[in-house]
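For the sequence shown, this note's numbering assigns the number 1 to the initial residue and increments by one for each residue that follows.
Hints are not guaranteed to be accurate.
[As the list claims (entries may be wrong)] No more than 25 Å apart at the CA atoms, straight line, and that leaves these computed lysine-lysine pairs for BS3-like: (1) K601 to K565; (2) K567 to K551; (3) K204 to K256; (4) K608 to K486; (5) K551 to K204; (6) K410 to K379; (7) K567 to K616; (8) K379 to K161; (9) K281 to K495; (10) K410 to K464.
[What the hints assert, rightly or not] With beta-carbon atoms standing in for the labels, derived distance ranges: (11) E127 to G319: 57 to 63 Å; (12) K623 to K722: 38 to 44 Å; (13) S550 to Q685: 34 to 40 Å.
Worth flagging that the hints you see were computed from the coordinates, not collected in a lab. Here a beta-carbon is modelled for each residue, glycine too, at the ideal position from N, C-alpha and C.
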Amino acid sequence: MVIDYSQNVYGFTKTMKSNRFVRHLLIFVSIIGFCQTLYAQSPDTTLANSLYIRGLECFEIAKYDSSIFFLSKASSLFESAAIEQNTDHLRERYLHCQNKIGSNWHRKGEYDKAEQILLKTLKQGIENLGNNHLVVAESAYELGFVYGEKGQNDKMMDFAKQALEIRVSIVGSDNLQTSSSYSQLAMCLGNIGEMDESLNYQYKALELRQRILGDEHPAVASSMNNIAVCLNAKGDYHEAQAYIQRAIHILETSMKRQTPFMAILYLNLGNSLSKTSSNEKALEAFKKAMEILLDILGKSHPEIAKVYNNIGGAYLLMGKYDEAIANYQSSLSMFLETVGEQNPMVAEPYRGLGIAYTLKGQQNKALTYLNLALLNRKKFYGEKHFQVAEIYRLMGDVFEKQQQFQEAVKYYQKAVCTVSNSFNTPDVYRNPSPGDIQLYPESIKTLISKANSLLQLATHGDPKNRTALLNVALSTSRLSMLIFDKTRRGFSSEKSKIYLTSKSTDVYSSGVHVAWALYQSNEDLSSFHEIFEYMEKSKSSVLLEALANSKARNFSELPDSLLKKEKSLKIKMASLDTEIQKEYEKSTEKQNRENIESNQKKLLAVWKSHDDLINKFESDFPKYFNLKYQTKTATVPELQHALDAETALLEYYVCENALIVAAIDNQQFNIIYQAVDSTFHLQIQNYISALRTIDFDNYLQSATALYQTLISPVESVIKGKKQLVIIPGGNLNYLPFETLIKRNNPDADFTTLPYLLRDYTISYHYSATLFLNTNKTEYSDIQPLSFAGFAPVFADSDTTAENVKKASIWDFMKSLLNFSSVSINGKNFSALKYSENELKTIVKFYSENNLPSVGYFHKNADEARFKNQSGNATVIHVATHGIVNAENPALSGLIFAQPNAPSTTEDGILYASETYNLNLNANLIVLSSCESGLGKLVNGEGVLALTRGFLYAGARNIIHSLWKVNDKHTSELMIELYRQILDGKSYSSALRNAKLKLISEERTAFPASWASFVLIGE
1 MVIDYSQNVY GFTKTMKSNR FVRHLLIFVS IIGFCQTLYA QSPDTTLANS LYIRGLECFE
61 IAKYDSSIFF LSKASSLFES AAIEQNTDHL RERYLHCQNK IGSNWHRKGE YDKAEQILLK
121 TLKQGIENLG NNHLVVAESA YELGFVYGEK GQNDKMMDFA KQALEIRVSI VGSDNLQTSS
181 SYSQLAMCLG NIGEMDESLN YQYKALELRQ RILGDEHPAV ASSMNNIAVC LNAKGDYHEA
241 QAYIQRAIHI LETSMKRQTP FMAILYLNLG NSLSKTSSNE KALEAFKKAM EILLDILGKS
301 HPEIAKVYNN IGGAYLLMGK YDEAIANYQS SLSMFLETVG EQNPMVAEPY RGLGIAYTLK
361 GQQNKALTYL NLALLNRKKF YGEKHFQVAE IYRLMGDVFE KQQQFQEAVK YYQKAVCTVS
421 NSFNTPDVYR NPSPGDIQLY PESIKTLISK ANSLLQLATH GDPKNRTALL NVALSTSRLS
481 MLIFDKTRRG FSSEKSKIYL TSKSTDVYSS GVHVAWALYQ SNEDLSSFHE IFEYMEKSKS
541 SVLLEALANS KARNFSELPD SLLKKEKSLK IKMASLDTEI QKEYEKSTEK QNRENIESNQ
601 KKLLAVWKSH DDLINKFESD FPKYFNLKYQ TKTATVPELQ HALDAETALL EYYVCENALI
661 VAAIDNQQFN IIYQAVDSTF HLQIQNYISA LRTIDFDNYL QSATALYQTL ISPVESVIKG
721 KKQLVIIPGG NLNYLPFETL IKRNNPDADF TTLPYLLRDY TISYHYSATL FLNTNKTEYS
781 DIQPLSFAGF APVFADSDTT AENVKKASIW DFMKSLLNFS SVSINGKNFS ALKYSENELK
841 TIVKFYSENN LPSVGYFHKN ADEARFKNQS GNATVIHVAT HGIVNAENPA LSGLIFAQPN
901 APSTTEDGIL YASETYNLNL NANLIVLSSC ESGLGKLVNG EGVLALTRGF LYAGARNIIH
961 SLWKVNDKHT SELMIELYRQ ILDGKSYSSA LRNAKLKLIS EERTAFPASW ASFVLIGE
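Just need the whole structure built from these sequences, with the hints factored in.
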């Protein structure tokens, strides 16, 4: 909910908690117009002033009836005095009172009453004081909000412009009153869907208020709330939440009692949380809002009805449909009671009830409520509005659920027309041009729904229309992908980009399934290229964008001073965000709220500075803009040209009911489509578990079955090859393909099993596009150091390794798996005693080859030294503990030696968020640490692991681990790896040979010992 609390800014001061006399005095002297001229006060006007101030006090604490009482008394006295003395300043005071009375009725939800009073006041102001007067502007401003509540946005816009024009002409553009009008105009623009322009005005208002009032004023919180509402509408939920949290803190510290504004903040916070699937937290925020409003406003008010509606939405997302319906009904009843049918908010519970009954399978009830919502929204927003499009889409969903695909497509087509500026045809075979479509999440959902419904219609309808329908479905899918890409580019926060991607995987799955159906229909091999493009788009697109942005900075002739400034801002953003996330990881009672609020305040300021700087880059340096958005997906011909005769690339796309493999070599290209069910997904989980826990039977069974699913279908392409480049998808990101076996021989020794590794050198990448770009990039290996290694060892910490005594070699191995795991308890970590010998041996290898190298051990292997030295080495090796935070990937990290000085800026942990700001020119980074390749799996983006930041920072190849491995076995593998590298082998061949050596020995032959480490890169 958008609000502008600054309409009452003059009644709030930073001294709210000081004594009553000072507070009254400050309120008094801040009232607009009340101190513009000196005059001799009569007893009546002195009393009127006191009553006026008392009325404002009541308004501040939401005692609206009392406020109206005192203001009415003051108004009568001022009116009588004005008639008696015939002076404009007394007429002003009378009109001020009337405006504030109108504002009270507005806050009470009595919009007709407020409109009546304010229109009369506006007319009186013009007649007595002229058109160009601040009191007239105040009336117009208040009327704007009333018409906004009534859904009459054209009138709201007219009055907002009138107020702004008057204020600019009298007090200029650099004034609090003008900032309020900027904010109001922004709301009007937001109501008609112009979110980017709306945001610009809200940022302008925020900047003015911060400059005039400081950072801790309720009016500043108001601007932050309004910015958050715009960001929510654009789908930028994470940044929106940061603004709302900051606004809540401002209000908590600047006001000593609860107000409706605080409830609105919690309401908007809940809305944003529900969009990011944080349903329990959203419900908690809504209940806080309800508690505040019930205490202040009583039991029946439009604001309370809004909260009931939002609580219904939270229950809906939690699958509790009956609870949702009950709250929607409460909301609807209260809206009808307080504002009547003719109000835009009434559409909200109608919409919610429509969705709830759709999900419950009660389609007739669903359509009844959705029709009511549609009529309401069309009346108040017009036909061309994304909120109207949403209702059309939801009505299409009702028919889709009933398998009435013809009818469903008609409604989806109406929705497509509604999110387009000038496209109006009901012909489902046609689509608008990309530039005609509004950039909202709703536009993406609408296009996907149309494409999927056309696919169903083609599958179940008249075969004569099949190909034509599929062609339209494919063009619609392409359009959804284009709009999705453009929408995501409008976000500045990587978290928001990734979240939007994770919630838009239907963009890709829709395209893949439509293109496959088209191939089945016409056997046109061009459909294979369509499928591959969708597969590629579904992988690491946010990382690819970030890399393109990095390239743009480096090759667009930006001044060094600006590049340094941008780098500094990025480092600050990463540091502040990390500190905030670290606090949130603690239990609530242990969180340092002061630190959180302080860092959030700083982070928002740095975010804004960074956004402004990037906007400057884009506007002042066209080459930067062009390079930044060059994120072209690799094509099959480009990949075939890059692959030699001995290499094949296998790309996997996994969705709920299908596994698709693209098999490419320098001559062939094939797409293999396999239907799968939950058994396949369970098989992957069991396989990964068997590897990590050394479960022989499950491993052998799953390894053979998965070979048949993942490798057998592409054997015709990979036969005779020596190297495989694998681009995994979904849970396959956690699976080392080299461990798959073609045949299961229960009696076989693990040293002799037919692992896929025996036939191929295997490497991985996040996408074929990233693989291609890596191999295209020219690399200079002229570095001060050929090798730099870091091994904190943690020798002073306790380790249980020496105490392990097992009769069975396999039990011994199982116990060893836990040695390298991190237990963050204070700053104590298990010793990695073999890592010291590992690194010393590797440094010795380099020295023997007359290559400059350095190794840092124990206390010297600290975070600061790593950051300083990592940019100077061709190969970087880190033998340490890793932290994996699957829920908050930014807090995954590598642990270095703890700093000696407590005042140091480094804390001894290199967090994932910090890796993006490294300046690397490394051909290889080896993360000889536990689970360094693990992280949160995000649909459409892949695994958010430490490796992403290192790739972004300039590493071409990375070796990382997929699970915890025994320190000794890791050391053996690493020593052999470097022996092979210095013998001239490629990184992938060197890693393969090192693994084969471990396989040759019984104690390390099981894949748990050797398969964890995989190569991302060549």
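Hinted pair, alpha-carbon criterion (25 Å max): K601, K565. Please report holds or violated. Judged against 25 Å, a Cα distance of about 20 Å means the pair holds.
Within a Cα-Cα threshold of 25 Å, do K608 and K486 meet the stated pairing? 21 Å, holds
Going straight from one Cα to the other, do K410 and K379 come out at no more than 25 Å? 21 Å, holds
Would the hint linking K551 and K204 be met if the CA-CA limit is 25 Å? 31 Å, violated
Should the hint that S550 and Q685 are 34 to 40 Å apart at their CB atoms be regarded as holding? For S550 and Q685 the Cβ distance comes to about 35 Å; the hint holds.
Hint check: K379 vs K161, CA-CA at most 25 Å. Holds or violated? 23 Å, holds
Supplied distance hint 57 to 63 Å, evaluated on CB atoms of E127 and G319: 59 Å, holds
Decide if the proposed pair is consistent with the structure: K567 and K616, CA atoms, cutoff 25 Å inclusive. Measuring from Cα to Cα gives roughly 15 Å; hence the hint holds.
Given the proposed pairing of K567 with K551, does the C-alpha separation stay at or below 25 Å? Holds - the C-alpha atoms of K551 and K567 are around 14 Å apart, at most 25 Å.
Checking one constraint from the list: CA of K410 to CA of K464, max 25 Å. Satisfied? 19 Å, holds
Take the C-beta atom of K623 and the C-beta atom of K722, compute their distance, and say whether it sits inside 38 to 44 Å. At roughly 41 Å between Cβ atoms, K722 and K623 fall inside 38 to 44 Å, so the hint holds.
Checking one constraint from the list: CA of K204 to CA of K256, max 25 Å. Satisfied? Not OK: K204 and K256 at ~28 Å, beyond 25 Å, violated.
Against the hints set out earlier in the document, violations occur for numbers 3 and 5.
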